[in-house]
Amino acid sequence: MSMVDEELRMGRETATSTEIEIPKTSSTRTITSLVEEAGVVRTRVRILRDEVKELHENASQLQVRAFETELAQATAEEAKRGTQELLQMLGAEGFSWREVAHLVSVSVPAVHKWRAGGGSVPEHRRALARLVALCRQLSARFMIDDVAAWLEMPLVSGMPVTGLDLLAEDRIDLLLRWAAHADANPEDLLEEFDPTLRDTYTSEYEVFTAADGLPGIRFRDT
Amino acid sequence: MTEDLEAPASAEELYLARGTGISQARPLMTGDVVRRVDIPGVEVEGDAIILQHPCSMRKDGVNLVDRLLAARVTASDDVPFDRWPTGYFGRMPLPDLYGEGNHASASFDDIGLVPASAIEGAERIASLGRKGINLLQQRFVFYLTRFAVPTFQLDRVAAAVFEEADLLEEWTMAALSRGFDPREAAHEFHEWIRADDGTGEIRQRRLAEPQGLSAVRRALRREVERLMGNQSS
Numbered sequence: 001m002s003m004v005d006e007e008l009r010m011g012r013e014t015a016t017s018t019e020i021e022i023p024k025t026s027s028t029r030t031i032t033s034l035v036e037e038a039g040v041v042r043t044r045v046r047i048l049r050d051e052v053k054e055l056h057e058n059a060s061q062l063q064v065r066a067f068e069t070e071l072a073q074a075t076a077e078e079a080k081r082g083t084q085e086l087l088q089m090l091g092a093e094g095f096s097w098r099e100v101a102h103l104v105s106v107s108v109p110a111v112h113k114w115r116a117g118g119g120s121v122p123e124h125r126r127a128l129a130r131l132v133a134l135c136r137q138l139s140a141r142f143m144i145d146d147v148a149a150w151l152e153m154p155l156v157s158g159m160p161v162t163g164l165d166l167l168a169e170d171r172i173d174l175l176l177r178w179a180a181h182a183d184a185n186p187e188d189l190l191e192e193f194d195p196t197l198r199d200t201y202t203s204e205y206e207v208f209t210a211a212d213g214l215p216g217i218r219f220r221d222t
Numbered sequence: 001m002t003e004d005l006e007a008p009a010s011a012e013e014l015y016l017a018r019g020t021g022i023s024q025a026r027p028l029m030t031g032d033v034v035r036r037v038d039i040p041g042v043e044v045e046g047d048a049i050i051l052q053h054p055c056s057m058r059k060d061g062v063n064l065v066d067r068l069l070a071a072r073v074t075a076s077d078d079v080p081f082d083r084w085p086t087g088y089f090g091r092m093p094l095p096d097l098y099g100e101g102n103h104a105s106a107s108f109d110d111i112g113l114v115p116a117s118a119i120e121g122a123e124r125i126a127s128l129g130r131k132g133i134n135l136l137q138q139r140f141v142f143y144l145t146r147f148a149v150p151t152f153q154l155d156r157v158a159a160a161v162f163e164e165a166d167l168l169e170e171w172t173m174a175a176l177s178r179g180f181d182p183r184e185a186a187h188e189f190h191e192w193i194r195a196d197d198g199t200g201e202i203r204q205r206r207l208a209e210p211q212g213l214s215a216v217r218r219a220l221r222r223e224v225e226r227l228m229g230n231q232s233s
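So the protein lines, in turn, are chains A and B.
Sequential numbering of the first sequence, starting at 1, is according to this note's numbering.
Sequential numbering of the second sequence, starting at 1, is according to this note's numbering.
Keep in mind that the hints were calculated from the coordinates and are not lab data.
There may be inaccurate statements among the hints.
[Stated by the list, open to error] Among the chain B residues that face chain A by a calculated CB cut under 7 Å, a handful are:
| id | residue |
| --- | --- |
| 1 | Ala17 |
| 2 | Pro150 |
| 3 | Thr151 |
| 4 | Phe152 |
| 5 | Gln153 |
| 6 | Arg205 |
| 7 | Arg206 |
| 8 | Pro210 |
| 9 | Arg221 |
For glycine and all other residues, C-beta sits at the position ideal for the given N, C-alpha and C.
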């Protein structure tokens, strides 16, 4: 390790890419100075990479905070509507009542009672309003055409984990990253959501269409 | 990979509805518990749970097959959720079936074919939800074959049928609330779900794909409004 590299390593915690100067070159350069210069450049690249990563993380966190602030405002606005109207709006989006019940943490019969005009507590009304507001924001911000279908789409092919599961666990941050396609690999999102899921849903069996046209389960070919 | 039998996180996760929460508009389905039904060949008295697979319950999509496979349900001790994967393989625990703290179990030793008319005429006291039905099937298959099928695979097999049952319930519920005949409504629903959706695709086939579900639900809600609107019979 060169002396410059060592110095940089010692002061790494505070050094930024702009503070590191690449040594000026002279007309009579030696192998030693070239190696030293290369070491400085490599270090600067490493620090730059860390800074970019940190900036990206900060930007993601800010984006989530901004989205959640807007979502809270929109939720307050939507909560002015009645429970029945909110459910009509979610129905028009194409949600199943089972999903709505799950997201609001009530039973399906409770949702049916609300649809028929039964009263709900403020906490549930707010949860419904939040879902309506979220649909509107996802549609407006990320141009998602069919939010209900998008939320029912598996994150990773073959794994029964969807945007609805992220939402049920209040992982708006992961949902936004998925919507923005900031992550090249959705498997990273799945890993971050629950590292045990990949193992849980890896199976040597598969669903196939049997000779009678109905689905069945069999050993996977490969 | 999941190799053990699975368990619910709570009793609530197991049931779709119990007691007064059960919708009369819901079609009979695997995992429904009915009160006091004779099971031919079973001497123990009690209630019964439908074991028949969701895909083979109806012969024409509307009418039930002549006889349905069912298991006897009786009051029993509680089976803690952490014991579900490691024991009690001969039964399906039904926690809080008869009210909080009043548990029951379905016995896979006491099964038989019950005339569908007897089940249709009996009082439904509980309906398992999707997770509950998958767990029931997992335990029954394990009892019969010692083979533990992951519930997420079982769910994939019956997903379209579960979705169709939800849609039929919604359609029938709308019909009942407007005073229409539920049987007639069920027939109308089956005609509608088996029809082309206008793109050359049969609606019922769209239920097999998660991406097609929301469009079918939206279309159903529009159709219900168009057919029934604010009218009453």
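Status of the hints after comparison with the structure:
1. Ala17: 5 Å, holds
2. Pro150: The hint holds - Pro150 (chain B) has a Cβ within 7 Å of chain A, the shortest such distance being about 6 Å.
3. Thr151: This interface hint is violated because 10 Å lies over the 7 Å limit.
4. Phe152: 5 Å, holds
5. Gln153: For Gln153 (chain B), the interface hint holds, since the closest Cβ of chain A sits about 5 Å away, which is under 7 Å.
6. Arg205: For Arg205 (chain B), the interface hint is violated, since the closest Cβ of chain A sits about 10 Å away, which is over 7 Å.
7. Arg206: 11 Å, violated
8. Pro210: OK, holds: Pro210 (chain B) within 7 Å of chain A, min 5 Å.
9. Arg221: Where the cut-off is 7 Å and the nearest Cβ of chain A is about 5 Å from Arg221 (chain B), the hint holds.
In this structure, the hints that do not hold are numbers 3, 6, 7, in rising order.
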